[in-house]
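Novice: Sequence lines, in order, name chains A and C. Using the numbering used here, read the first sequence as starting at 1 and increasing by one per residue. Using the numbering used here, read the second sequence as starting at 1001 and increasing by one per residue.
Just so you know, these hints were derived from the structure itself, not from any lab. Every value quoted in this text rests on a predicted model; they were computed, and no experiment measured them. C-beta atoms are modelled at their ideal positions from N, C-alpha and C, and glycine is treated no differently. Any given hint could turn out to be false.
To be verified - Residues from chain C shown here face chain A by an in silico Cβ test under 7 Å; the list is partial:
1. 1122
2. 1167
3. 1174
4. 1176
5. 1224
6. 1231
7. 1340
8. 1341
Unchecked claim - Below 30 Å or equal to it, Euclidean Cα-Cα: the simulated BS3-like pairs (lysine-lysine) are:
9. A:307 x A:263
10. A:263 x C:1414
11. C:1414 x A:514
12. A:208 x A:179
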Amino acid sequence: MKPRHPVFILACLFAGPLMGQEPEGTLPLTERERAVHALSRLAYGPAPGDLERVLEIGVEEWIERQLSPQADAALEDRLAGFPSIRLSLVDLMDQYQAVLEEGISAEERRWLQRYENQPRSELLQSLLVRAVHSSNQLEEVLGDFWRNHFNVSYTKGGPSKFLLTDWEREVIRAHTLGKFGAFLAATAKHAAMLHYLDNASSRRPPTKQELAEIERKVRRRTGSRERGEEAAQLALQRGLNENYARELLELHTLGVDNYYKQKDVIAVAEALTGWSYNGGRNGDWAFLFRNDMHAQGDKRILGRRVKGDRDSGLAEGEQVIEMLAGHKGTAQFIATKLVRYLVNDEPPEGLVDLAAKAFQKSDGDIPTVVRAIVGSDEFWARENYRAKFKTPYEFMISALRATGAELQESEPLLRSMIEMGQGVYLCDDPTGWYDTAEAWLDPGVMALRWQFALDLAEGRVAGVSIPPEYWDDVPDSLPPRLWQHHLTQKILPGGAGPRTRAALSTVTDDYLAKTRVPDISRLGPQLVGLLLGSPEFQQQ
Amino acid sequence: MTHAATRRDFLRQAAALAAAAHTGLLASPLRAAPPAAKTPPALVAVFLRGGADWLNMVVPWKDSDYHTVRPTIRLGEDEGVLPLDSRFALHPALAPLAPLYQSKVLAPVINAGSPHGTRSHFDAQDFMERGAPGLRNITSGWLSRYLAATAKPGGSEFRALAMKEVLPRSLRGDHPALAVPTSMDKKKGQLTLGRFEEFYGDGMPGAESEQGAMKGRDEEAAKGEEVVQSGRMTIDTLRRYHEITAAAGSGRGAYPASRFGDAMRIIATVLKADAGLEVAAVDYPGWDHHINQGGIEGRQQQMLADYAQTMAAFAADLGERLETTLAVTMTEFGRTVAENGNNGTDHGRGGGMFLLGGGVKGGKVHGDWRGLQPDALADGRDLPVTTDFRDVLAAGLDGVFGFRAPKDFFPDYKPGRTKLF
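Let the hints inform the model, and build the full structure from the sequences given.
Specialist: Right, here's the structure in full:
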């Protein structure tokens, strides 16, 4: 072991306000810790200068501003390179959908198909740019919560590659800080969801007349009686698809097996038959209610009668959505998930109840619920400080922010996300990605984070760079042995533990032993890479 | 093609094939001696996620009800099903499994599943992987509990792995298991592990007593202790894994070029290195065929072909080692007996399992078949569960490891009987 005493003494000078205090759990967070905590949970970690800015305007004021997002011109500039994210669905498909005319070459076909994927690439890149650079960080943090809550995925294939652009803008972003009821209704009526969970193809079983009609038509066309009977038999099977109804209850509103049974799933599916879209090559993919697919008649849902209406079954589904949005089970479920996301993997019960009450009282007003959580003592309790393990997404975004990285091209980052198991808009399961340590903290996964941390800091992630001025604020007078403390403050404003400090000292000593003229732009990236891969940086 | 007639013939033949395919690649420096007469036992758990439609995998091909309720996706003689016995036949895409069945190393189980009636993927998967249907307070996986129950002090750190970046629930729990970062470059990865060694090293480094004043911060860091342990495990086990896989080379052999094929090939490699691996878990996602499942052609057929080719390649690759290696394939539930209107099926109840190797009594379709008459179905629509999946898992653990699951290993469980081993 190398002697470390001098470094330790100096480390104390840099270690921040926690020094020499009583054991944790007894003392409230200091103002600086509160700022760190706010930036860790209501933002994707501090970017250079953020902590100072929050301290200057005050934590409460910063949070209020986050809850009322302001225009961000710098962000808009950065997003200028992704024109497709602003296009309406019709324009988007007009422009990007491949028209594969007969006689085109294989090369032309490949080019057209690649071109079709441009909107997807632009959307995903724009999401990373927003998460890293937006000054309205809470909007991004909550946006990702809802993106996973109402999960849809490119893996569903088909028109998803176009629909998700509109979904992100018109459903997720438009409602992230809005009312839950309107949000739920928007998800239910968007083609992306109707496609992802198959509701667009769910329909009532055919009537006897319709079956006879089908049989007759097929018999006439094929001249085969057997084929006609088969077609009728087949048509009889066509019917209800429970997929969306089930996830609507289980994942979007009440939570699994809360308040509902299988018969409710079926009844909800029936009420939602006919909820479809105007698809196809020339369609505008807008919501379309198809009364001919709708299962007529009264339904009994969650113990209540939903009256059937021959002229417009649409109202039945709308009534169901409204009923679910206002259900106390929904308030409890959303509150639990939000508290888990923002506070602790084990959501404190009292806080969940508080948030659920806020949800019910405010008619599902999302900012009100967030205010209730953030305004609670539990949110600021020391036991919740640095207590949540970052998901791969949170890890990557926070690393990019902490290093002030500029994203020229984000495709390589998106690939890394997939490698770490959390591709954006690529969660096949309707659950969306989980946000708990239990889901992500496995031996093995750390290796990919470390790799990314070193690659980012040492300039090996294509399309991403840490600006040279990142290293400029090291005071000239600071002895090279203490650079690690300066950098620790930048990457881990909550401080580093003794093991990390010691390990950084080893690296510093090795470097200094081999170097005549120490250079921060050489040692710095090594130290920052290690800091990003340190145990402390994995927590928020 | 001639089929090997007995299990022994098959294994011998498979061993010869495998040796031929891998000539030169087997000279692993990690293996001191060629495998002894009896190779160490191992269990590979394959999870088909999404609820695989077992009824079109092990098909009641002569049942007229079956043909009636599945007019589009049904499989019969015309479609070239592969008869197993007078009642059941394999989907034609599962053809590579037929010789394994004939040589009695493959045992299909029908109507297997969970006694819990949930049709939620996520609950059903959780319940199955934790071996605890309906019990949300059980958080450890059944494989992890096996590992914990049989852990020896100073034993191998490399007893379990999953071929994915994130551990499946069956391997979550107190016993460590490696989630393999399958995408990581090996050489670069080795360097990376080395650079983080001290950050995730054992114990707190030096001078602790002199840090009285820093107590608050140390406790702060203690919240991340789980992260540190996880990191340390990552370094130790990943190094071992890299040594083994590097020594084995990268030939594909008979495995298909697919994620599942790659995963099973690597598991076979690690098993053959005799590095102490006892349990491996592999996921095969995407079996939730509400739409375009198809019959003789379609999404399920493509996936079944990949699955079967891989399993056959795995059996051949292991050769005689298959005697002591059991591969269990499971899925969270089966699907509706009737097809839906979209050339697919919806979430159902009874599904099925495949057991390959490990001394299983193959060449016979196990399980209790009740037919497809409406009154024989669960809720009038699904295959009833007549074999509790825990009966199969318990039999597997006993059969391959000689491990008799103690009373609360599967909580709230009344053992049923199987004649699988």
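Novice: Which numbered hints does this structure break?
Specialist: 3, 11 and 12
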